[in-house]
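> Single-letter residue listing:
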Amino acid sequence: MEAQGLPDLSARRSRILGDGDRRGLILSTTSTVVVLAALLAVFLLAPGSGQVRHTFFNPADMWQAFVGNPKAGYYSVGEALWLNIRMFVAAEILILIAALIVAVIRQSTGPVLLPLRVVATVYVDVARGVPLILVIFAIGFGVPALQLRGISTQSAAVYGVAALVFSYSAYVSEVYRAGLNSVHRSQVAAARSLGLSGWASMRYVILPQAVRTIIPPLLNDFISLQKDTALVGLLGAIEANKAAEIYSDTVFNYSSYTVAAILFLLLTIPLARFTDHLIARDRARRLAGAGQ
Amino acid sequence: MGRTDDGFSPGELSGAAGALRIEGLRKSFGAHEVLRGVDLAVAPHEVICLIGASGSGKSTLLRCVNLLERIDAGTIWLEGQAIAGPSTGRGVDENLVRRHIGIVFQAFNLFPHMTVERNVTLAPMKVLGLSRSDAVAQAIELLERFGLGEKRADYPDRLSGGQQQRVAIVRALAMRPRLMMLDEVTSALDPELVADVLDVIRELAEGGMTMLIATHEMGFARDIASRVCFLADGQIVEQAPPARLFSQPSDERTRRFLRRITDAGRL
Chain A
2 MEAQGLPDLS
12 ARRSRILGDG
22 DRRGLILSTT
32 STVVVLAALL
42 AVFLLAPGSG
52 QVRHTFFNPA
62 DMWQAFVGNP
72 KAGYYSVGEA
82 LWLNIRMFVA
92 AEILILIAAL
102 IVAVIRQSTG
112 PVLLPLRVVA
122 TVYVDVARGV
132 PLILVIFAIG
142 FGVPALQLRG
152 ISTQSAAVYG
162 VAALVFSYSA
172 YVSEVYRAGL
182 NSVHRSQVAA
192 ARSLGLSGWA
202 SMRYVILPQA
212 VRTIIPPLLN
222 DFISLQKDTA
232 LVGLLGAIEA
242 NKAAEIYSDT
252 VFNYSSYTVA
262 AILFLLLTIP
272 LARFTDHLIA
282 RDRARRLAGA
292 GQ
Chain B
244 MGRTDDGFSP
254 GELSGAAGAL
264 RIEGLRKSFG
274 AHEVLRGVDL
284 AVAPHEVICL
294 IGASGSGKST
304 LLRCVNLLER
314 IDAGTIWLEG
324 QAIAGPSTGR
334 GVDENLVRRH
344 IGIVFQAFNL
354 FPHMTVERNV
364 TLAPMKVLGL
374 SRSDAVAQAI
384 ELLERFGLGE
394 KRADYPDRLS
404 GGQQQRVAIV
414 RALAMRPRLM
424 MLDEVTSALD
434 PELVADVLDV
444 IRELAEGGMT
454 MLIATHEMGF
464 ARDIASRVCF
474 LADGQIVEQA
484 PPARLFSQPS
494 DERTRRFLRR
504 ITDAGRL
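If you read the sequences in order, they're chains A and B. Take any residue in the first sequence, count from 1 to its spot, add 1: that is its number in the numbering used here. Take any residue in the second sequence, count from 1 to its spot, add 243: that is its number in the numbering used here.
Where hints are given, some of them may not hold.
Unchecked claim - Computed, partial: chain B to chain A, Cβ under 7 angstroms:
1. 309
2. 313
3. 335
4. 341
5. 346
6. 352
7. 354
8. 366
9. 369
10. 370
11. 374
12. 482
Claimed, not checked - Some chain A residues judged to face chain B by a derived CB distance under 8 angstroms, without partners named:
13. 107
14. 194
15. 210
I should point out that these hints are in silico values taken from the structure, not numbers from a laboratory. C-beta: ideal position from N, C-alpha, C; glycine also.
Assemble the whole structure, with the sequences as input and the hints as a guide.
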């Protein structure tokens, strides 16, 4: 086998921008522009185009909805988005913890833990099977009706986060489980045969490999979670979607929803790109073969 | 390399204790009994080759010795100390036993997320408590000895099968085991890569390493083994120095097995 040094980065870069690639770039750019132009033409030439543009894309309404005007009876969609972000961050942290616990319980093998395993399995089946919107209603309207001190007097956002955690932890626990299972049993045997304890094997051999596998699907679930914080508006929490709804109910123009949609895109697209970046970096690091 | 300050107290290296002794070992998977009373004694510096058809229990035997499988009956002693069986009670520290027994698997089982160097230094650092610099120095020395010095910073998927298997052997050696077990380490390799790996094993044998080798390479077994054991039906039905076992097998099952191997052109 010949010695393999560091890959020649400049050579690789010139290959990316080589003649063949430049032609490909021109081709793909042209086709993209043509397709987009055609779609835009269809939109602009449709019989109801003017009406739709006025109702959904009115710049004045979009600006008004974005900044809000409490005196006129509607909230700022931009400010309301801050609640979405807070709900998302709180839910994400709780989900990561809860899901790991559920996954580890379901992966356990001891007979003593059988009752817990049954509970965890039933939970995952139920939480994944019931539509999120019903979970939000059940917790958001059910828990306050119980009149439990301290628990039944929380804000709609808190119940919303609880519902999101209940529903998403089931999905994410399955992602964890898939990650742990993706590491072949022979890796455990190799680690244990070297005298590493069960914990050290998990820490240095199994988890690092499992995490690599699960980060993309995990972030995928979180992109979905960011959007689903909009459902908490159903409980009356003034998040971005609810604020947009109030605007449209007040002013009878739907441009506020377009604002909400753009804001959600601005949130989710960076996360999606970050996911791609992590995947690419992991691949590059393994192909480069150097460093740790 | 005497290391007895770690709580494992091996017996005298007398002929009586030996390096490894197995008596009446039985192991079943479900209703299928793979090992049906295996007896084997290995003296220090002996090289034992286990041969036999696939499924005859060679791998299971090695995994039992390394405590990767729980045995159903019998006793295993490592340097005079019982490590599995009724007389051990609950007092066996599996991790302590395993650090004295190196095992190399057919499928290499290197850690794919670590460089070659890290593969070799992980256990010495985390299990033996070596400092990073000591572990790295040892790794470099071992890797260079086996022609892998240039591969230190590479990840396993950049190496050929033969190189990966040699790294796996180095990884096991880095724990300075008293006994090395090799489980069909050349079976997953392309034919042209087998020789390099066999050379490494030969060097270990010449260095006096006690070894238990499950193999399909009959020529190699004849060359290197102090004793060859033929496994069939979950037992060692015949064991003898290679010259005798290969030329004058006494058991009918051994004869049939060797005839099939010869017919296939593998001997």
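> Per the CB criterion, is residue 210(A) less than 8 angstroms away from chain B?
Holds: closest Cβ of chain B sits about 5 angstroms from residue 210(A), inside 8 angstroms.
> Tell me if residue 309(B) is really an interface residue toward chain A, meaning its C-beta lies closer than 7 angstroms to one of theirs.
holds (6 angstroms)
> Tell me if the interface restraint on residue 107(A) is satisfied: Cβ within less than 8 angstroms of some Cβ in chain B.
Hint on residue 107(A): violated, closest Cβ of chain B at ~24 angstroms, above 8 angstroms.
> Does the closest beta carbon of chain A sit nearer than 7 angstroms to the beta carbon of residue 313(B)?
violated (13 angstroms)
> The hint names residue 194(A) as touching chain B; please verify it with the least Cβ-Cβ distance against 8 angstroms.
holds (5 angstroms)
> If you take the shortest Cβ to Cβ gap from residue 366(B) to chain A, is it below 7 angstroms?
holds (4 angstroms)
> Would you settle whether the hint for residue 370(B) is holds or violated, based on the nearest Cβ-Cβ distance to chain A being less than 7 angstroms?
holds (4 angstroms)
> Identify whether the interface hint at residue 354(B) stands, where standing means a beta carbon of chain A within less than 7 angstroms of its own.
It holds, given that the least Cβ distance between residue 354(B) and chain A is near 6 angstroms, below 7 angstroms.
> Going by Cβ atoms only, is residue 369(B) closer than 7 angstroms to chain A?
holds (5 angstroms)
> Holds or violated: is the Cβ of residue 352(B) closer than 7 angstroms to a Cβ in chain A?
holds (4 angstroms)
> Please check whether residue 335(B) passes as an interface residue: C-beta within 7 angstroms of a C-beta belonging to chain A.
violated (13 angstroms)
> So, residue 482(B) near chain A? Judge it on the closest CB pair being under 7 angstroms.
Residue 482(B) check fails; min Cβ-Cβ to chain A is 25 angstroms, beyond 7 angstroms.
Taken one by one, the earlier hints fail for this structure at numbers 2, 3, 11, 12, 13, listed in ascending order.
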